[in-house]
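Visitor: For reference, the chains in residue letters:
Protein chains: 2
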Amino acid sequence: MLKTYTYSNLDMATLARLCTRNTDSSGEISAAVNGIIQQVNEQGDEALIHLAQQFDGIRLRAIIADSAHINAQAALVPEHIKQAISVAYQNIYSFHTAQLVTEKAVETMPGVRCWRENRAIERVGLYVPGGSAILPSTLLMLGIPAKIAGCKEIVVCTPPQKDGTINSAISYVLQLLGIDNCYMVGGAQAIAAMAIGTTTIPKCSKLFGPGNRYVTQAKIAVQAQFGTAIDMPAGPSEVLVIADDSANAAFVAADLLAQAEHGADSQAVLVSNSALLIEQVNAKLEKQVALLPRKDIATKAIANSYAVLTDSLEESIDFSNAYAPEHLLLQTVTNELLIPKISNAGSVFIGHYTPESAGDYASGTNHTLPTSGFAKAYSGVSVDSFVKKITFQAITPEGLKNIGPTIETLATLEGLQAHKNAVTIRYE
Amino acid sequence: MLKTYTYSNLDMATLARLCTRNTDSSGEISAAVNGIIQQVNEQGDEALIHLAQQFDGIRLRAIIADSAHINAQAALVPEHIKQAISVAYQNIYSFHTAQLVTEKAVETMPGVRCWRENRAIERVGLYVPGGSAILPSTLLMLGIPAKIAGCKEIVVCTPPQKDGTINSAISYVLQLLGIDNCYMVGGAQAIAAMAIGTTTIPKCSKLFGPGNRYVTQAKIAVQAQFGTAIDMPAGPSEVLVIADDSANAAFVAADLLAQAEHGADSQAVLVSNSALLIEQVNAKLEKQVALLPRKDIATKAIANSYAVLTDSLEESIDFSNAYAPEHLLLQTVTNELLIPKISNAGSVFIGHYTPESAGDYASGTNHTLPTSGFAKAYSGVSVDSFVKKITFQAITPEGLKNIGPTIETLATLEGLQAHKNAVTIRYE
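Protein chains in written order, with this note's numbering: chain A, 1 to 428; chain B, 1 to 428.
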């Protein structure tokens, strides 16, 4: 049962509170993570072996999962799963490959030609969580754009299973992607290892991937301490559904629960201009949650969530933009009119037949998305995340005559005589 | 006189050392900056007034520079400077506006349509350094792409001059850009104020702009502590020139000095397959540096710099890619052949008549670029830096039949029953 707030009654403080998540900023996690980073920095591979034993009770025979290991594990994947992975792969590939565009040069003045070219980040590190859940979809979502971008070296860290092997579906995706740099390391120590480099694990320029709070904190810490680029900060997953009277309450409830089952700290927010719909969704939630294998988690997440009753779809969008959801679902009669009004969201799912789980696995869009309000400033992962756009300029002697006086005047204004000289000397 | 290393003699450790800059990671700056951030967080505007007095000896009458102030200052700008600013504005505008592209939708499967749309980051904060240098060009480089992106609110912080006013050229650019949120605050406290928000200064989602080591450290700190997005980490400016026998030694020397005059910690690296050219450049450096108003700074920077003698242009590019320069100049007979081999650089200047100062002011490319090796993972500022790319997907009932089984299989594989249900319930 979702606690319901009425939008027109919300004061600024309550609105701000409803839009705040991920408030657990206890120094405890940060201190533990800094300790792990220091340990990896000082002891390298030895720390990785020690920490796997300490945290996961796993005695690693090797840090690297060699190709014999990967191939043996991949062979265990049943045919129907291979087929599903293949469909997802194709869709993700075709959506992401369209993102790799060649831009035209611009002649900003006669003889002054400027353009951008993409260059792949040469070595990237992908973190694929393991432990309780296995997430081959995460490897697809990170590995495919990295391949399309043309990254020369793709490093993957993922925690081994209790028996010391890499999960079979993840192994199959590694095989599909042709990635042979896979290391059996999880947690904050995996992030530290890819940021700093160890004897076995290469130092990466940019790190990607979701994870628990330790992993997330480790990404933030290595970014600040070592200048390692990261895809984005991350928090618990979340969904916001904007629905009106046209929505099917059972569909909405199912979408909210798909988010809620991720974790007790996940948030599932319903925003509607229909009190009746909210009531109906609550009824469906109660019915559907009872049947879920992860009903304890989902129940906690729903208790942690809420509904907002608005007077109009405009108000619904206003609330959504203030919340800046990772996933935004539009299930109204006027979805097309709402799209231009969306200013902050990670990924948007339009219409009654577009469940959020489609984007998690197979529609083609990326599921690595900004949570916790970061959609105000960050995009989800795309091919762009794996390239740099380098600017180029070529000026002809004639072009320099056209642009030179401007450069000379501005360099003089800023008191940078040598900047001016670099132009003047070329006229002489 | 540049100290010269021979590429083929470099061992890995020396190569790594030559490619390392910005090594001053004293905890002193970090501690001072954290103190300032805490002060701004606790005392807001009061801290800003107090710190202006303490660090700059300026008694602020107001934090905001109102439009009367800006207009009065802008009116002081001489006509020839207005014209130069106008040319730069046009070129920067035309190059950056070409970056704003509309992408086509991709139908990844029949009935499954996916696309991306740009949305401006609503409130951005631009830092324009002041103090010893005045940098209207920085405001052009940040303000123009922010305007093109469509950012609703553009906040500018810049330190006031000793007389408590905003510099006239900066005021003129503010007027040109139509920005009326300008605050007379500099240093780490400006970064803290825009990240946290005060009574006067609005909290921004993303911060941009160069600055001294305190400003840079403050950006890194607010990113880690408050989740504020930043354009990129930054360090001292740098140039790497690849030149062969075809190069004009006087041009090369002028380009190296244009970098060197920025600061004693700037780096100007010459990479050449011609020992003769290196010798000639050294001779020109000595001659040219003596005439510079900032010769003390430039001399220190040159002492801090070096040349690398290679056997070939291929080796020159290899060294450059390892160094990952902010600015890369190609002054060889085979520039076009070298371009595809460039993997890491911020902005590239091609040919004998393309001085780096062209890109600083007026060619049209952005001068806010990754330094200190960050060009391995980061791009310079562009319109992309001011937008999010939101993904959208719309699936028809028919489309869900096509894609549904894939989603169901993968959700089951990952143990997420509610993800599967969100599809299944839509078939029923």
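These aren't lab readings, by the way, just hints derived from the structure by calculation.
Please note that the accuracy of each hint is not assured.
Treat identical chains as interchangeable: a pair holds within one or across any two.
The calculated lysine-lysine pairs, modelled on DSSO-like cross-linking and capped at a C-alpha distance of 27 Å, are [what the hints assert, rightly or not]:
no.	residue 1	residue 2
1	Lys401	Lys287
2	Lys389	Lys152
3	Lys162	Lys82
4	Lys341	Lys389
5	Lys295	Lys341
Source: prediction; values computed, not measured.
Visitor: Confirm or reject each hint.
Guide: Here is what the structure says about each hint:
Within a single copy, Lys401 and Lys287 get their C-alpha atoms only as close as 76 Å, which misses the 27 Å cut-off; across copies the closest is 25 Å, which meets it. Taking identical chains as interchangeable, the C-alpha atoms of Lys389 and Lys152 lie at most 27 Å apart whether they share a chain (16 Å) or sit on different chains (25 Å). Within a single copy, Lys162 and Lys82 get their C-alpha atoms as close as 23 Å, which meets the 27 Å cut-off; across copies the closest is 69 Å, which misses it. When the C-alpha separation of Lys341 and Lys389 is checked against a cutoff of 27 Å, the pair qualifies only between copies, where the shortest distance is 14 Å, while the shortest distance within a copy is 29 Å.
Proximity of Lys295 and Lys341 under a CA criterion of 27 Å is satisfied in neither setting, with 35 Å inside one chain copy and 55 Å between copies.
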